[in-house]
Amino acid sequence: MGLFDKFQQLAATRRAMAESGIQSINVVMDRVVSATEAIVNGRSLILAGTNNYLGLTFHPECIEAACDATRTLGTGTTGSRAANGSYSTHVQLETELADYFHRRGVIVFSTGYVANLGMLSTLAGSGDVFVIDGDCHASIYDGCRLSGAEIIRFRHNDPADLEKRLRRLGGRIENTLIVVEGIYSMLGDRAPLADIVAVKRRYPGAFLVVDEAHSLGVLGNHGRGMAEEAGVEADVDFVIGTFSKSLGAIGGYCASDHPELDLIRYANRPYVFTASSSPAIIASTRRALGILSAHPELRHRLWENARRLYARLMELGYRLGPEPSPIIAVRFAQREQAYSLWTALIERGIYVNLVVPPATPDGGSLLRCSVSAGHAPEQIVEIGNAFADLKRSFGIPPA
Amino acid sequence: MPSYEDILPIVTDLIKPLAAPGRSVREDTDLVSDLEFDSLKVMNLIEQVEDRFDVSVPLNILPEIRTVRDFTVQLQAILGEN
Numbered sequence: 010m011g012l013f014d015k016f017q018q019l020a021a022t023r024r025a026m027a028e029s030g031i032q033s034i035n036v037v038m039d040r041v042v043s044a045t046e047a048i049v050n051g052r053s054l055i056l057a058g059t060n061n062y063l064g065l066t067f068h069p070e071c072i073e074a075a076c077d078a079t080r081t082l083g084t085g086t087t088g089s090r091a092a093n094g095s096y097s098t099h100v101q102l103e104t105e106l107a108d109y110f111h112r113r114g115v116i117v118f119s120t121g122y123v124a125n126l127g128m129l130s131t132l133a134g135s136g137d138v139f140v141i142d143g144d145c146h147a148s149i150y151d152g153c154r155l156s157g158a159e160i161i162r163f164r165h166n167d168p169a170d171l172e173k174r175l176r177r178l179g180g181r182i183e184n185t186l187i188v189v190e191g192i193y194s195m196l197g198d199r200a201p202l203a204d205i206v207a208v209k210r211r212y213p214g215a216f217l218v219v220d221e222a223h224s225l226g227v228l229g230n231h232g233r234g235m236a237e238e239a240g241v242e243a244d245v246d247f248v249i250g251t252f253s254k255s256l257g258a259i260g261g262y263c264a265s266d267h268p269e270l271d272l273i274r275y276a277n278r279p280y281v282f283t284a285s286s287s288p289a290i291i292a293s294t295r296r297a298l299g300i301l302s303a304h305p306e307l308r309h310r311l312w313e314n315a316r317r318l319y320a321r322l323m324e325l326g327y328r329l330g331p332e333p334s335p336i337i338a339v340r341f342a343q344r345e346q347a348y349s350l351w352t353a354l355i356e357r358g359i360y361v362n363l364v365v366p367p368a369t370p371d372g373g374s375l376l377r378c379s380v381s382a383g384h385a386p387e388q389i390v391e392i393g394n395a396f397a398d399l400k401r402s403f404g405i406p407p408a
Numbered sequence: 003m004p005s006y007e008d009i010l011p012i013v014t015d016l017i018k019p020l021a022a023p024g025r026s027v028r029e030d031t032d033l034v035s036d037l038e039f040d041s042l043k044v045m046n047l048i049e050q051v052e053d054r055f056d057v058s059v060p061l062n063i064l065p066e067i068r069t070v071r072d073f074t075v076q077l078q079a080i081l082g083e084n
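Protein chains in written order, with my numbering: chain A, 10 to 408; chain B, 3 to 84.
No lab work stands behind these hints, which were simulated from the structure alone. Mixed in with the good hints, there may be bad ones.
Unchecked claim - Heads up, incomplete: computed chain B residues facing chain A, CB under 8 Å, no partners named:
1. Glu-38
2. Ser-41
3. Met-45
C-beta: ideal position from N, C-alpha, C; glycine also.
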């Protein structure tokens, strides 16, 4: 088998998409007008697939903070946090995040992917065990693989299945990390975190990692995520997340009360060998964190929009993810149907994410909508209307 | 510890319903090229094996598996450790 033969299946998928006129992986935003609008190929689109949950990407205070930091600190750090790339603003952001999460310490990473890759690959090693939810994000799988630890998968959102696997580990439980997410990125469903914590408590010594990438700023009275919402923050050993969704920038973090976190920082190869975030990113993230904390009404608006769109699509008869959420997955058994609808939505001025196997949890295809607090009520109506038109013109049966 | 011969027919029976129609399942059958298994089917098979033998199958073994024989050998080793 030749070096490039392994890419043939991917090539076939891309050919099939091209034959269907699908350009979903080549969408280029010519101009982004606001948190919810962009120009693509000269066409104005409502953005309904950007994970921009609080709509902060164009917040004037975040933009001003980023511009000011660029003028005073430069465009980039040109080095790792372990070398010349640690600025006082990185440290201030870590302190502010620790205060926000009521945690002893925080490490800031340059992306959310690197946060998972770095933390998971460093926390565990040969002889340790990860027990992870089957629907976890690729960055979690990759971090676990890089660690060299044993990886055991439990059935998605199934605490009883998790317990079965913990029981089988016997004396290895103290070397075990359970990994789940707050809200799952494909179907928008939440982890039954209180039940998962109840299982963890029956196996003293096991550690719990929660990735709150899609739940920071979305769940909990203060927006701290699923652990806050479920009232179990004290049972979560490591909270991992990203700045690229509710905080409207790019970067990642891990918050923990374990005093060893600072040692983990220096043993963490993805952290040590990645250039640190630019001053502009750090400045806008700090401002966005302040806005997220001070303006719970953003979260309320997000949920109002999410519930309204979910109800509309449900009423239209589309098959959706299991619960209302800022991620609304419209599910199709046939990928061709998802291709057609995605193209037709673009023609009607709506951008959503097209997700096909193997990236989907059940082998089906998804039109993945993500709702923002920045969407005006009229935009939510327009998104719903586009799906209604398509249902009429394509005669879409519930998939 | 169950022998390879004990495990093989059970594994074969679990694989058959997941295989593409009309494909026969033998020891040297390649799960991907002969049976058209994708990642979803592999996970499905692992879950069924885990339930059947009350064992957790680590994902780390997947790079070692191409054929029904490979899978059975790995499973036997896991059962031997438990």
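Checked hints:
no. : hint   : result
1   : Glu-38 : violated (11 Å)
2   : Ser-41 : holds (5 Å)
3   : Met-45 : holds (7 Å)
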